[in-house]
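2 protein chains.
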Amino acid sequence: MAKKFVCSKTEPVVQTKAGKLRGFLLDSTYTFHGIKYCDAKRFQMPTEVEPWEGVKDALSYGFVAPLMNQETPSGEVMIPHRYWPMDENCQYLNVWTQSLDPKAKKPVLVWLHGGGFAAGSSIEHVAYDGNNMSQYGDVVVVSLNHRLNILGYLDLSPFGEKYANSGNAGSADMVAALQWIHENIENFGGDPENVTLFGQSGGGMKVWTLMQTPAADGLFHKGVVQSGVIDHFNDDTKSDGTKIVKALLSQLGFGEDQVEKLETVPYPQLVEAYRQVAPALEKAGEYVGGNPMPNDYYLGDPRIVGFRDHAKTIPLMVGTVFGEFAFGPAIADKWTLPQEEKVAMLQKKYGEHTQTLLDLFQKAYPEKDISDLLFLDSLFRAPSRDFIEKKAAYPEAPTYSYLFSYEFPFDDGHVAWHCAEIPYVFHNVELVPVCNKPGVSDRLEDQIFGAWINFARYGDPNYAALPQWPSCKPGDEAVMLFDEVCQVKHNFDAELVALHDKITPSFLGEEPEAPIQH
Amino acid sequence: MAKKFVCSKTEPVVQTKAGKLRGFLLDSTYTFHGIKYCDAKRFQMPTEVEPWEGVKDALSYGFVAPLMNQETPSGEVMIPHRYWPMDENCQYLNVWTQSLDPKAKKPVLVWLHGGGFAAGSSIEHVAYDGNNMSQYGDVVVVSLNHRLNILGYLDLSPFGEKYANSGNAGSADMVAALQWIHENIENFGGDPENVTLFGQSGGGMKVWTLMQTPAADGLFHKGVVQSGVIDHFNDDTKSDGTKIVKALLSQLGFGEDQVEKLETVPYPQLVEAYRQVAPALEKAGEYVGGNPMPNDYYLGDPRIVGFRDHAKTIPLMVGTVFGEFAFGPAIADKWTLPQEEKVAMLQKKYGEHTQTLLDLFQKAYPEKDISDLLFLDSLFRAPSRDFIEKKAAYPEAPTYSYLFSYEFPFDDGHVAWHCAEIPYVFHNVELVPVCNKPGVSDRLEDQIFGAWINFARYGDPNYAALPQWPSCKPGDEAVMLFDEVCQVKHNFDAELVALHDKITPSFLGEEPEAPIQH
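Heads up: the sequence lines are chains A and B, in that order.
For what it's worth, my numbering labels the leading residue of the first sequence as 63, then goes sequentially.
For what it's worth, my numbering labels the leading residue of the second sequence as 63, then goes sequentially.
In case anyone wonders, no lab produced these hints; they're calculated from the structure.
Just so you know, not all the hints are guaranteed correct.
Where chains are identical, the list cannot tell them apart; a pair therefore holds if satisfied intra-copy or between any two copies.
Calculated lysine-lysine pairs in the PhoX-like style (CA-CA distance at most 20 Å, straight line) [claimed, not checked]:
1) K71 x K396
2) K404 x K71
3) K396 x K165
4) K82 x K425
5) K535 x K452
6) K167 x K300
All of these numbers come straight from a predicted model, not from anything done at the bench.
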């Protein structure tokens, strides 16, 4: 059925600090795509956009940050993508809202995309579309692009004052976006005093790095960290950018006094030079950029340096999914394979620890097939547990824990993979075929979506369609398991995860091998 | 509501000539993305793909052909895009179907994308998605990528036998795709003896160039040319590729005996060299590639060289839209501006011809506002009329004419722009906000979609929800006007278009200035 569409010369038009913007209305949702929220010179801090006269169109998504590698499309049925033209001039955000009344003061959810701090965009996944979340949740949804990889996270501070914070330029873009939201979101029906950051993978890391960033204080009030805690995040920042920048200059044929040339060298050349020089430095444990750089702007990983006092006051939801990097195919004949063959597969992977692990697994997940243990994640789950334990020590604000253990009707039964929960969070199951399961996925979508919306609205994810969900206390991790039947369990996988984490290889910035390769 | 989703180890799996493919089922539609239909070395004819053992996934769209320019997103509310990773290895097609029964023999519609012969892809527009067309029309929909621009259409024939048809390599890819369809589509429930090509802009041109391509005879049976006829299409092919290739070799520092180096030089370098040398040659009227090259593979523009005997047997639908390149904003205050001010605007554009043109316009379009004349297209409409007249001279197969004159509820009333009819053709109004108009767009979508589907099924677009639509006869162009009220008019705009075409600048491979710039 045709919906109401409005995009006339005069509406919907919103006054922002810098000038007027026109979006469009479809059904009940006002949509604004590609709002420039700041400008920035390469490696430098963002500046405010120039004000304009008249009305600018916000009808097209803006450029996304340039990536360092061309991607090869694969696994699209698991994670459908949306690629987009790239340019350094990438500081754009998108807004979906149900009201343009400054008095409406609806909760604001700001999506921080994944892809580490090196890749992705505000529209990289089909599931990132904010229309349904705004419409079904009656909230304001914002998503944003910011500088990534060596454009957003390369420390040039030893080479000049204007580069003092180039190691966090991408995060400074995010802070500029939050500042834009703070100053403008009222006219989009949003409440600048009720802003929730949510993000997955790198996006989850962005949530807690912004908690450790004083410049962002007061610009957001709650956070959701989805599969966004890993170990070794800032291991390479014992050194600064001196070595990598000198190596880049030399590789490009520039002198050590010609750092400014790095500001104008075409990006593909910069990337190529980086590719030549970075691996050796990285191997030697030197700083090569790519993640936020601890300094007086970003204080560092809270699991290492402690939570800032302001960070302690931020209510959080923190969680992971069952399989995370289990992108490979499920095992064949999962439902008919004899138990002993499954045990043999487990033994091949886990050796002497198999029986102990299996006992712990069956205790934690009595409903699951034992073959799922082949795909269990601890790379994210173990540090997330640690993060939750440490945050829950502060009574200033609650910390909620979840685990998305739902099995997908794909490949005869596939554990949840990294990103698999996102369509449910955005109420976008209808856009992602693999998420559909008649009689099940509508309910699960309602439950997950309801929790996220209630958390954004009230700082508490409790929702009528879910069992009672307490916050975590030190020593008591109350975990909401999102599955065909949702339930809360306490410390249910502590031993399992501890052992699994101990015996599987750790993660340092690159994907481990999939448990089973086909 | 959650839909049925199936993508198991064993279904849906289809046997093709080269091997088994797995797609997915959503609701009633079996979908296969990214099927490799041929391989090809640069500048050379395509070859069959290597057969494989086991089951390959067809779950991700394949690479699209590399473009020569990075695009800047704009006008997305008019034409929402979907960009995708690019690679020369781009010969992929997608299939949507309601049945995998070889006996089902449903009509097959093959979408040839626009973007001239230089840009675009099978998924470039959101509106190109084939799911709805397959589901609502009970047909098999195929869309495909092929080589474009200098990779697909650069004549190197003077430099070696293996390059004999490099000037049509992209078209040879399309023929390989049609051959793949001919050999495999039965197993996707399609009828290899009822294949309809449809395409818009460059895609429309592809339809008629394939009619002039003997290698494609028998591989398709009907065609729809949407905004796909222009003048001067093959004007530059009086010369061959000798000069442009020599200039490229020189620019790249290669000798004239080193043409093979062009096969391996990285594409960005090839493009950069082309950018340096092509404009001067183009200005001098020399061949610089980019369109199919008339030779014994492709016989040339039928309006110049005549329709081949086989081409005469192809039933066609041919049409344009009211505004075509009228992408700019509509005039302000269209509905309230005094008549004399509108006339003044017309006079500024059309000078001494204004009154005559206006009289003809009001005769042709009595329901339209006179300001719409500012945006009237004749660049496509005039040559399309000529094409229709010439094709209709052959009684071997019918030729149907249409004009999409619908006004969009955008910008206070915007004439139809190039590509604006595509969402209606694909039954994808729900995916393109600007197409929504309650009480109107559902009916129009049904009418247009019904015509396309009936034409594909029966070779006749007549449809219960539309007035009787006769085919064209010499001297009698029966035009279906797709608008709020659909109607057939005979030779209704002949004089208008003739005069308009005479007094407005002609089109030679680049967009004219928009009638009104803001």
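To see whether the hints hold, each was checked on the structure:
1. K71 x K396: Result: close only across copies, 11 Å inter versus 58 Å intra.
2. K404 x K71: between (64 Å within a copy, 18 Å between copies)
3. K396 x K165: neither (55 Å within a copy, 33 Å between copies)
4. K82 x K425: Neither: 58 Å inside a copy, 41 Å across copies.
5. K535 x K452: within (9 Å within a copy, 81 Å between copies)
6. K167 x K300: neither (44 Å within a copy, 67 Å between copies)
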